[in-house]
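Once you have looked at the hints, place chains B and Z on chain X.
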Amino acid sequence: MSPTPYLVLSVILFTIGGAGVLLRRNALVAFMSVELMLNAANLAFVAFARMHGNLDGQIVAFFVMVVAAAEVVVGLAIIVTIFRTRRSASVDDASLLKL
Amino acid sequence: MSLYAPVIGLIIIAALFAVGSVVVSTVVGPKRYNRARLDSYECGVEPTPQPVGGGRFPIKYYLTAMTFIIFDIEIIFLYPWAVRFDQLGVFGFLAMVTFIVLISVPFVYEWRRGGLDWD
Amino acid sequence: MTAPTLEYAELAPLITVFGAAVIGVLIEAFVPRRARHTVQVVLALLALVASLVQVIALAGTEVVAAVGAVVIDGPALFLQGTILVLSIISIAFFAERKLEAGGDAFAPAASSLPGSDEERVLVRERRLQTEIYPLMLFAVAGMMLFPAANDLLIMFIALEVLSLPLYLMCGMARRRRLLSHEAALKYFLLGAFSSAVFLFGSAFVYGFAGSLRFSEISTALTTEIGKEGLLLSGVGLMAVGLLFKVGAVPFHAWTPDVYQGAPTPVTAFMAACTKLAAFGAMVRLFYVAFGGVRSDWQPMLWAVAIATMVVGAVVALTQTDIKRMLAYSSIAHAGFVLTALVAADQTATAAILFYLATYGIATLGAFAVVTLVRDSGGEATHLSKWAGLGKRSPIVAGTFALFLLAFAGIPMTSGFVGKLSVFAAAIDGGATPLVIVGVLASAVAAFFYVRVIVLMFFSAPAEEGPTVAVPSVWTTVGISLGAAATLLLGLVPGPLLDLAQQAAVFVR
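Protein chains in written order, with UniProt numbering: chain X, 1 to 99; chain B, 1 to 119; chain Z, 1 to 508.
Excised from the complex, chain X in its bound form (with noise of 0.2 Å):
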């Protein structure tokens, strides 16, 4: 098997998840981005376990939704907290720490 398409993929969408996180201005799509990211990392992972025929890419797999799952609970906590003092989600209104 040649895991060359899967990787193409995968580096497509960590592309598609970097730009998120750089463009976008809500906190919640950004923060979507990251998590699009933490998949395309999963695929290139589980392709190379196929590639070298052994588990361990799969199990990287398994401990990276758990991180991403962790990481949810975290990331919607600071973004409700803002969201519900300031009534938006937006990166630019949380600006006060400008120099």
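Think of the hints as simulated: they come from the structure by calculation, not from any bench.
Glycine residues also receive a C-beta, built at the ideal position from the N, C-alpha and C atoms.
Errors might be hidden in some of the hints.
[Said to hold, decoys possible] What the simulated footprint calls covered on chain B by chain Z, stretch by stretch (three residues with Cβ under 8 Å from a Cβ of chain Z suffice, anywhere in the stretch; the number is not a length): (1) 90-100; (2) 103-117.
[Claimed, not checked] With beta-carbon atoms standing in for the labels, derived distance ranges: (3) B:Gly115 x Z:Thr219: 22 to 32 Å; (4) Z:Glu224 x B:Pro6: 47 to 57 Å; (5) Z:Val42 x B:Thr98: 20 to 30 Å; (6) B:Thr98 x Z:Thr38: 25 to 35 Å; (7) B:Ile103 x Z:Glu118: 48 to 58 Å; (8) B:Thr64 x Z:Leu113: 44 to 54 Å; (9) X:Thr15 x Z:Tyr8: 36 to 46 Å; (10) B:Trp81 x Z:Thr432: 52 to 62 Å; (11) B:Val27 x Z:Arg34: 26 to 36 Å; (12) X:Val29 x Z:Lys227: 33 to 43 Å; (13) Z:Arg34 x X:Thr15: 36 to 46 Å; (14) Z:Val49 x B:Trp81: 53 to 63 Å; (15) X:Leu22 x Z:Glu62: 38 to 48 Å; (16) B:Phe99 x Z:Val505: 29 to 39 Å.
Only chains B and Z this time, still in chain X's reference frame:
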């Protein structure tokens, strides 16, 4: 045919358990009918004709999502363990027990701090 | 299939802290509210001290534990011990209750809206934030695991375990809560972004080597031919993730905002301990796993080190807020550590270990002094308010000056010995141009440290200036320990240098 007997047995037990739980909860549980109970969705999303100014999600919606995640994580690790449970032996079993105990700690925390009370 | 074994004796320091953190969560659930604060502080202190004792008892151990996933060796134990000492001092600053009228430095409940009735009620009831202690223990456990990780997966998990609690802790300040929330959001978004980049890089390295273990990656460097593209992109992406955590330029943008917005005790804790853990992990990754391709990653770190030293020192000059200034100073210090990292040998490892220990202690002390200088709005962090502080409170200003001199690397302080050893290691490793940039950057940095000292001692006190609050015994002891260590390690650096030298051997 005897090969399928355990499967059929399991299906019957599962069906009995499911029906039993529903029946028992209607018989034993308190009966309250209010607007929230009669809504189409219980998880906080208002049905489409939304109030002026956009519908708001109650904070509880996120709390429920976070509770879901505890069990979501648990299943991720239980499933592979269940597939090879006989070969993983005592070490695997003890590791899983430790894991489930640890996973239940945040759940206990949430329950004690009122995260499971809807109002 | 045989069951794997775990080396419980060697992993005991980690298990102690993790276990205490879990017990801390249960305390939140079951212990009555009035007793919670005391119980949490005592538990955290006991766990950290017990773990430190276990680390000391393990000194000299060299074991590959947990089926190769964790290594307990010199650098790991040295850093774990240092992180524990710094965390114990941090607990003293966390538990300080004499500075704020209503309690400690944290919001009574992180979920209450700023300015709401709920918040006012909680403040009136003198409710104390107790969840911060289990969070801190989780972060400490992650920090201890990070430099001991011998496997890409464990490294990623440790990175997340140390980061996630820190994101939350940043958002818990009692005063200026909007700033604090904003710091938490920024730290979280950028931190999650950088860990995703780190993870993608480790996927590539795994694709190259077919294994997650550092030792096997190191072997694969010589056996796998024709896949260098995968390896190099993997190394680059992983470096981005780690450089973000240490706050190196160009991945430093979060540092000043987060350091300023977070509650000052948390800033002190994370500025000192995160940097230690992240540099420890970075040194192990680059020396043990990627040591065979050092000629490929050295140029990248050269560039990053130069940029970090220059930007850190120059931008610090323009700062008017004391916490932001210390943040930029910590960026410059990351650059100094990077100069030694480039050299990649045992002397360099020893120099880095020593530097991190001295930097951590001085940073902790400096931020703790910031919590003492207060006016009606809480901490007075604007630089102009510090004018003439030396006349009002010579002891506090003198202690702060000592920490600043250590940062500047003036002889007779620990910072001087630290800087000398990293620069010597860099010259040995053939990075003389880096050292020249480093010395110039130190000179620029020394200028702004001295400027603050001059401001404190030789300018007229501001009208309505801040007062220096009298802290409880806890903070006094913490700051005194920091000051004593800074002075002592400057005068008698021999023992710690020897220890770092002995500890600087990685087990593969």
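- Task: Please write out, lowest number first, the hints stated earlier that are contradicted by the structure.
- Result: Violated: hints 3, 7, 8, 11, 13, 14.
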